[in-house]
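Chains as they are written, first to last, in our numbering: chain A, 2 to 461; chain B, 2 to 461; chain C, 2 to 461; chain D, 2 to 461.
None of these hints come from the bench; they were simulated from the model. The beta-carbon is built from N, C-alpha and C at its ideal position, and this holds for glycine as well.
With beta-carbon atoms standing in for the labels, derived distance ranges:
no.	chain 1	residue 1	chain 2	residue 2	range
1	A	P303	C	R44	55 to 61 Å
2	C	R44	A	T128	19 to 25 Å
3	C	H404	D	G370	44 to 50 Å
4	C	T396	B	N329	52 to 58 Å
5	D	I152	B	K444	50 to 56 Å
6	A	T128	C	K230	33 to 39 Å
7	C	D57	D	L226	44 to 50 Å
8	D	D287	C	A63	29 to 35 Å
9	D	I152	B	K188	58 to 64 Å
10	B	K148	D	T358	52 to 58 Å
There are 4 protein chains.
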Amino acid sequence: MKDYCGLFGIYGHREASMQAYLGLYALQHRGEESCGIVTSNGRRTYQRKAMGTVSDVFDKAALKKLKGHLAIGHVRYSTTGSSVLKNAQPFVINYKKGTVAIAHNGNLTNSIELRNRLERDGSIIQTTMDSEIILHLLVKAKSDNIKESLIETLPQVRGAYSLLLITNDLLIGARDPYGFRPLAIGKLGESFVLASETCALDLIGAKYVRDVEPGEIVIINKNGLESIKPFSPTRKAFCIFEFIYFARPDSNIFTKNVYLTRKRLGRALAKEHPVKGADFIMPIPDSGMYAALGFSEESKIPIEMGMIRNHYIGRTFIQPSQHIRDFNVKIKLNPIKSVLKNKKIIVVEDSIVRGTTSKIRVKTLREAGAKEVHMRVSCPPIISPCYYGIDFPTTKELIAPGHSIEEIRKFIGLDSLKYLSLGGMLNSMLLPKEAFCTACFTKDYPEKIKRGAIPPGLKK
Amino acid sequence: MKDYCGLFGIYGHREASMQAYLGLYALQHRGEESCGIVTSNGRRTYQRKAMGTVSDVFDKAALKKLKGHLAIGHVRYSTTGSSVLKNAQPFVINYKKGTVAIAHNGNLTNSIELRNRLERDGSIIQTTMDSEIILHLLVKAKSDNIKESLIETLPQVRGAYSLLLITNDLLIGARDPYGFRPLAIGKLGESFVLASETCALDLIGAKYVRDVEPGEIVIINKNGLESIKPFSPTRKAFCIFEFIYFARPDSNIFTKNVYLTRKRLGRALAKEHPVKGADFIMPIPDSGMYAALGFSEESKIPIEMGMIRNHYIGRTFIQPSQHIRDFNVKIKLNPIKSVLKNKKIIVVEDSIVRGTTSKIRVKTLREAGAKEVHMRVSCPPIISPCYYGIDFPTTKELIAPGHSIEEIRKFIGLDSLKYLSLGGMLNSMLLPKEAFCTACFTKDYPEKIKRGAIPPGLKK
Amino acid sequence: MKDYCGLFGIYGHREASMQAYLGLYALQHRGEESCGIVTSNGRRTYQRKAMGTVSDVFDKAALKKLKGHLAIGHVRYSTTGSSVLKNAQPFVINYKKGTVAIAHNGNLTNSIELRNRLERDGSIIQTTMDSEIILHLLVKAKSDNIKESLIETLPQVRGAYSLLLITNDLLIGARDPYGFRPLAIGKLGESFVLASETCALDLIGAKYVRDVEPGEIVIINKNGLESIKPFSPTRKAFCIFEFIYFARPDSNIFTKNVYLTRKRLGRALAKEHPVKGADFIMPIPDSGMYAALGFSEESKIPIEMGMIRNHYIGRTFIQPSQHIRDFNVKIKLNPIKSVLKNKKIIVVEDSIVRGTTSKIRVKTLREAGAKEVHMRVSCPPIISPCYYGIDFPTTKELIAPGHSIEEIRKFIGLDSLKYLSLGGMLNSMLLPKEAFCTACFTKDYPEKIKRGAIPPGLKK
Amino acid sequence: MKDYCGLFGIYGHREASMQAYLGLYALQHRGEESCGIVTSNGRRTYQRKAMGTVSDVFDKAALKKLKGHLAIGHVRYSTTGSSVLKNAQPFVINYKKGTVAIAHNGNLTNSIELRNRLERDGSIIQTTMDSEIILHLLVKAKSDNIKESLIETLPQVRGAYSLLLITNDLLIGARDPYGFRPLAIGKLGESFVLASETCALDLIGAKYVRDVEPGEIVIINKNGLESIKPFSPTRKAFCIFEFIYFARPDSNIFTKNVYLTRKRLGRALAKEHPVKGADFIMPIPDSGMYAALGFSEESKIPIEMGMIRNHYIGRTFIQPSQHIRDFNVKIKLNPIKSVLKNKKIIVVEDSIVRGTTSKIRVKTLREAGAKEVHMRVSCPPIISPCYYGIDFPTTKELIAPGHSIEEIRKFIGLDSLKYLSLGGMLNSMLLPKEAFCTACFTKDYPEKIKRGAIPPGLKK
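Looking at chain A on its own, in the form it has when it is part of the complex (with noise of 0.2 Å):
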C-alpha cells in the first residue's frame, strides 16, 4: 500500500531550501521514489527533482543552490515505467504570466476527461500526473490574477487534492471541499508553513497554528495569509486510512493525533475480540507496535518482541540466487526461539492486504516453536479500491473481496483471526464518524465515481 505524496511549502524564510529539505526528510514514510524542491527569491525560481531519498537527492550543495525566501517540496511514489523522473514533483512552467510550481498529494477522479479536452485543444501533455493537468487548466484560465485562474479552474477538477503552488511571490494552498489529504498550517518565527503532517512541523520547531480547511485556499505573500473558500459547503470525507496506517505516528492529521488514535484501536480490539489465557501480544515491528500497546493495556497480557527487526536493511540487498526458505521475511525479521517456544501468541497487525507476508510470518513464528498463533487487526476488512489516493492493490490482489474471514483465517495458518468492526474504528477516532471517508471498507464513496474513474496505481 502507498499514499502518494507528502507536501511541505515555506513562505519568508533566510533558508527556505534547508526547511524543505528538512520538512520533507520528516515526511519521507509518504514517498520514497522521487523527490523534488523548487524555490523562488522573487525573481526567478530553482529547482532539484531527481529519483531517491531526500538524503539520497540533497546534498549541502545541491540546497545552496536553491536560493530563495519561498520553497516547496514534494516526495512521491511513482509509478513503474521508462518516464520515472518526469513524473517526479514539484512540477514548475514558464508561461505567459510568469512562473509556477506545483506539488499535489491526492488523486483526481476526471484527469481522464479533461486530458481529452485539453489534447482536443492541442495542449501537449507530458507526463501523467494530475497537477500537470491543473497547471494546463491554470493557464488556459481566462484571468491573468493567479488567484482569479485557481477560483475559476479548481471547480473544474473532481477528486482529491491537496495543493501547494509557488509563484515568484506567492505561497498557495489548497484542499479539495470533502478534505481528503491533510495539510497543516504553521508558523516558525514570521514564516507561514504548510504541510501534509505536523511531525514536519516539529522537526523545524515551528508552531502548529490550524489545519487547511477543505474547500479553502490559502494565499500567503508579503502581507500574511488570505483565506479563499470559493466552494459550497459540502460533507467531509477524511481518510480514515491516514489514521490506521500511513501517518507518522507522531503527528497530528486532521487535528487530532496519531498515536493515540492507533492505541484506542488496539483497546477497542482487545474488548471486541479477546485471546483467553495468551502468553504474550507480539507486535509486527514497528507499525504494529502502538496499537498493541493499547492492546497490553485493555487486556493486561505482556509484550514481548518475539522477532527482532534488522536495522540494515536497505533497498539494495542482493537475493541469493540458491533457496532460502522464505528469504525476505527472515531478512527483515528473525524469530527467537527461547521466545517462542511453546506460546500462545497474539499477533497485532494494523491491516491485512494480500495476506501473503503475513502468512510467511505465521509459519515461521510457528518454525520458532509458537504452539498458537491469534491474529488481531486493527481496522476491517479492506473490500474496495480507493479512488482518492491510496495505492492498494488490485481488487483481484486483495485478499478480503472474495473471502470470509474464516478462509482468510486458514490461508494465513491462524489458531483464529478478528478483525476491528467498523462501528469499533469509527468510535475509537477522536472525530465525529461523519467526517471520514471509509469506503475502502464500506464501496460507499463520498462522491459517486464516474466511468474512467482510475486509482492511483493503474495511472501508468
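Since the structure of chain A is already known, use the hints to place chains B, C and D on it.
Using the frame of chain A, we list chains B, C and D on its own:
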C-alpha cells in the same frame, strides 16, 4: 562505543561468498565502516575489501568474482586517518608456504612489544592491525605446517582474539584462552560455519552446533573438524558488555540468549530501584526496549513510546547551518506532547557513556511537558577502559569516573537516577558470574595490564 | 565557437540504437555537452538523454534497453543555466495522434514570435528549444497525418533547420529551403541512414547516397523513401563556416570534401599573403593542420611541429592555485625550444575569434626563442553574429569588429598578420560562390533579420 | 608496447602535491593505468594512489589533503590480475627508522633471487613490485642512516632502475650504473625537481639543470643537493627505444631532444630507402608524424593526412556486437577517399610490433582507393625481449623473430617494406653509439642475463 569486529567463515559451500555476504549482513552492527570477504577455490584466493557497509561494498557481480567453496568475511569499525582502507580485513598474504588470509576480533595487549621485536628483525609492518602482527609471527614460525605454526605462534600473543584463517584448503577458527570475544560453530548441510553471533547462522538457515571454546583451535578441511587445545587451562573472561549492549537481541552468545538476558537485567533493575506512582516506562528505541520490557513486567507499569524514531536516518544527513536547538536528537526521536504532558516517566537506558545524549533527551522530554523524569540504567557505571576490543571513550570523556551519581543526575537533569548494581547485573546473567570480564565496571582486569598496552581506539 | 548539433537517424536496422551510438560518436565534435537517442520498435518508444559525451552517457546496457529498428540521435552544446538537461534532445511527446520525437540542428529566426502566439493560445512551453516550438505547431496542425501536418507547419518557421523526426513507424528528415545546415542520406544494407556529416556514414560502413536537398522532406518507412518539396524555390545559403572550422576534415558536407577544401584555403592564403625567408610553417594542432599543409605545398616552406599537444587534456583539469604563467596554453601545447630558437615562423590559423588565445601562443613562441612570428588566417575577419546556428561570441567579444587588422596584429604581438580575402575564400570552395551564407564575414544575411531574432547562444 | 613508469619528485615547494600532479600530467604517456603521489610536511606523510589517469585520480580536494613541501609521484602501467591497486606506486612503509616512500622506473634482473632470500628470512612480500624488494633490503641494512643503507643496498640489485625516495626530510634520486632509464634534475625557484622527462619541467616552469648520472645517488635536503657515486665505472646503456617511441617529442632525455632525433631518423630512412614517384607521405597520427616530417624534408615528397584521427576515443568505447569490419581501426582513423584514390603512398611508422594493426590499416588504405602502399619503419626489426623495463609482447607474438622482411611485407600487404638499419639508427642519434642499449634489435645485452630474469610484463 564501538566493538571492533564481526567474523564469519564457511567451508564447503558452492556459493561461499554469498553465504559470507549474508552472514556479514546479519553481523553489520558489529562494524559499519569497512568490510571484506576473502574466498578460495582450492587453487587461488579472491578478495574484496572496501570502506562502507556490506550492502555498499558488495553487489551480485562482486560476489560472483569471489569464487570458491571457502570464505571468511569481516566487518569493522576503523580508526581515523588516511590509511583506513589499508586496515580493512581480512588481511591476505602470499608467502613461501602459500597464501593465508586472517580476520580478527579483539585486541592484543602486547602488540607494541611484538611489533618492536619484529621490526628489529627487519620485518616491514604495513598496518596498525593486530592481525598483521599475528601473520608475521606465523610466517616466521619454524614449521611448514600451519597447524604447528599456530601452536608455536598463539602462545606469544596476549589479550583478546577470536580469529578466522583460510588457506587454499583449510578454514581455521581460534579463540584466546580467556574467551573474551564470542565465536560460534554451525552447520549448513555439510558445510561448516563459524560466526561471531548466532543471528548470522539463523539468516542463512544454519544450525548452531556449539561455541569454539576458549583456548581452542578448530581446523576444518575436507575430512571434517579437528579440535586442538594447546593452552593450559585458565579462568574464563567473557565480555559482559556484549550482553548489555553490543550483541543483537536475537543472538545467542557464549551459549546464552541476549534478549532474555536483557529482560532479566530490566527486571532486576525494577526490583532494585522501583519508581512509585510513575505513569509509564519510556524505552529509548531500539536498544533500551528489552530492559524496559523486563522493568514493565516486574513493576506492572505500562510502556509508552513517548518519542518516535525516524526510520530514514542515515549517515548522510545534512546539518542545518542555522540553529535548530538540539537538532541531532530531534531528527532521530520526536516527542509526542499529547503522550508526555504532565506525566511522571521512567526512562530505561542500557548504559550511560558521556551523558550528553541523555541530557538532551531529558531536556526534550521536559519541554514536551513531562512532569518528572526518572532514569534507570541496566548496568553499573563504566569507570575504566577496555583493553580487549571495545572502544569506549577515554576515561576523561566518560562521565562516571570522577563524578558521583548525584552529580550525574544533576548534569542530565533528572528527578532520580539509579544504576543496576554489580551483583544485580551478574545475577541476571544466565552463566556463572566467574565466567565474565567486568573490568570496565570494576577495574578488575583478568590479567595484569602491562605498561604499553593500548585500548583499541588509540591504535592509530 | 560552437555549433549547436549533430544529427543521426536510421530506419530498418536490427540494432538501431547501436548504430545511432556509433553515428553520434563520429559526430561528437558537433556537440559535447549533452546527447540523446530515441528509438522505436513500432509499438513504443525508448529514450535516453543526459549531460555528457556519447561515451559518458551510453554503455552496453543502456543501448540494449533502447529497443527497436528506428532511431534518431542528437549531440548538442547546451546553454548554461539550471535547465540544461531539460533542453537535451531528441525531444519526445505523446499526444492524441501518437508519439513523435524530434531532433534539430540550426536556429529559428522567428521563434519568439511563434512562442508568444502559442502561449497566447494557452500552450505550455517547457524548454527554450526551437524543436519544442516546432512540435507544438505540429500538434496543433489540422491534419491527422504527420506528412500533411509537416507541410502545414514548416512554412510557418523561418531560419535554419535540419530536422529528424520519428514516430512509431516513420523516419523523417527535413532541411530548410536555404539549406543552412548539412544533412546526408546513406544506406547500410537495406537500412536508410540520415546524418549531419558523412564521417558518421563511414564509421558504420554505410554508403553515401545523396544529400537531403534544401527545402526537401524525406519520409522513410517500410516502403522506402518518399521525397516532398513543399517550398517554392529560393537561393541557397550553405554555412561556409562548416568548411572553415566545424566539420570533420574526413567528412563530405554539402557534397564536397572538407579536407581538400581546407588545403585549398591554405594554398590560396599562401598565394595571397606569402612570407619571404621563413624557416618553417607551424600548424596549430590539430585544426590548423590542413590549411598549413596547403600553405606548405604552395610555398614550398616545410612544416615543423613547433609546439606539441598533450594528448591527455580532458575537461577535468585542475588549475594550479599559484601562478604559472599562461598555464592553460602550456598544458595544451608545449613549445620545443631546440626547434623554435632564432627561427622565422609562419603560424597558420583557421580563424581568429577573440584573439586572446593567439596572443598567449605567440608570446610562448617568442619566449621559446622564435625570432619572427607571422600569422596567416584561412578566412576573412569575423564581424557579425550568426542567426542560423553558430554560437559566436557577442560582437563586443569578437576582436575583428571595431579593430583594424594592424590593431589586431599589435594586440596579438605579431610581426605580420594577414587574413584570406572573401574572394580567396569563395574561390577555394568546390561549389559555386552563390551557394553560401557568408554573413558572419559580410553582414549580408540571406533573409532580412527581423527585430526579435536572437543568435543561438543568447536563447537562455 | 608499454614502458613501466614515469617519475616526478620535488623538494622545498609550498604546494608540492600540486607540482607533482602537474609533473605526472606531463608524464602521463609513461603509464596510464595507475598513479600515486606521496608527500611529507617534515612530520608525517600523506598519500593517494588509485587506478586511473592522473586527472581521474586527483581533484583539488585530494591534492589539498596531500600536505607538505616534499613530494614524489608515479604513473604506471599495471599488470593484470586482482592485485593491481596494491601494486600502485609510490610504495610507502613505516619502519623502525621512520617512514620511507619509493617510486621506481625500470626492471630488476635478480628480483626472484632476492625475493627468495628475503622470504627465507621470514619477510612478507605483499606485491610483485621490484620497489618492494628494494625497500625490504633497505630496512634490513645495518646502518640507521638512509644514505649508508642505500650504499649498502643498491649494489645488491641488478638491472635497470631510476628511483625516487622520500623520507620526512629528504628527497633522493638514483640511477643504475648503466643508466637504462632517464632521470633529469631541474630547479623551480629554490625547489629541486627530479623527473623522467624534461616535458614535466617545462609544464611547471622549472629550469633543466642536468641529468642524474648513471650510478649516481643525489640526496636533496634543506642544505641543498649532495651527490654520491658508490659504483665503480661501467659502460652506459641508455634505452634507445625511448628515442624511437616512448618519450614525448618535446622532451629532452639523456640530454638530447626527442623531436629532432626522430626527424633525423626519418631523414636517414629516406636516404637509405627512398620511394620513387610516390604521391605523398602519410604519417600515422600522432606518433609517426615526426619521422614522416624528416622523410618529407629529405625526399621533398609532400605530406598528406590520408587518415583522420577521432579525438574522442577513450577507454570506454563499446564494441558493436554485430560485425563491422576492422572496426577498431576505423573508430580511431578514418581514411579520406578523395585524398587516397589512385595514389602511391609512403606510410612512415616508428616501429612494427605484431604487424596486425599495420595490416588492417594497409587494407583500409587500399579499400579507400590507394594504388600502392610502401612502408618505411624508423628502426630495425625488434627481435628480442627487454629485461630493463619495456613490456614488449613475447618473442612469439613479435612478428620480426622468425619471419623474413619479405614475409612481413606479404603479411601486412605492402608493395614494399624497409626498415632503418642499425647503423642508420645509431648514426641518427645525437649521442655516441656506445652509449645505448640496443638489445631488442641485436640481442646484445649490456650484462649477461641470468636464468630467472623475467621481462617486466611477465611478473604477475
